[in-house]
Amino acid sequence: MPVPRTAYTPDEIDTLRRFVGKGGKLLLVGDPGRSSEINTVADAFGIIFQDGYLYNVVEHDLNFRNIFVRDFPADEVTEGLETIVLYTAGSVRSTGAPLAFTDVNTLSSLEERVEPFTP
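Under this note's numbering, the letters of the sequence shown match residues 0 to 118, in that order.
It should be emphasised that the hints constitute simulated quantities derived from the structure, not laboratory data. All C-beta atoms in this analysis are idealised placements derived from N, C-alpha and C, irrespective of residue type, glycine included. Watch out, some of these pointers could steer you wrong.
Per label pair, the in silico range of CB-to-CB distance [claimed, not checked]:
(1) 21 x 56: 31 to 37 Å
(2) 13 x 56: 40 to 46 Å
(3) 21 x 1: 32 to 38 Å
(4) 21 x 103: 37 to 43 Å
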């Protein structure tokens with residue numbers, strides 16, 4: 000469920016782990032503009048959705064929250080990508096390898112750092 004309002008139970012998380020363990024795919028969708036319990040399940044997979052939204056006042060798509068992302072490490076998921084636009088994106092931390100990085104002009108509404116974020 001995208002942007003879950005209630006915490007996932009241990010049984011639900013175990014069910015998802017078994018599903019993924021058998022080769023299933025899990026897509027987690029969060030919205031930094033709405034409160035959510037996404038991390039109750041994301042953490043079980045080594046992912047944390049950071050609070051706050053990303054923005055860029057130098058280069059954006061009609062609104063400073065609509066950021067361009069152009070830095071993609073080589074991966075089958077990002078193969079052929081040159082530019083994507085993310086509308087009200089947040090930053091994600093993961094134990095896995097990042098698939099995209101923001102530029103130096105993209106900032107967080109809650110974090111003060113200048114290194115690239117991983118949306």
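- Query: Any of the earlier hints contradicted here, and which numbers?
  - Reply: Of the numbered hints given earlier, those the structure breaks are 1, 3, listed in rising order.
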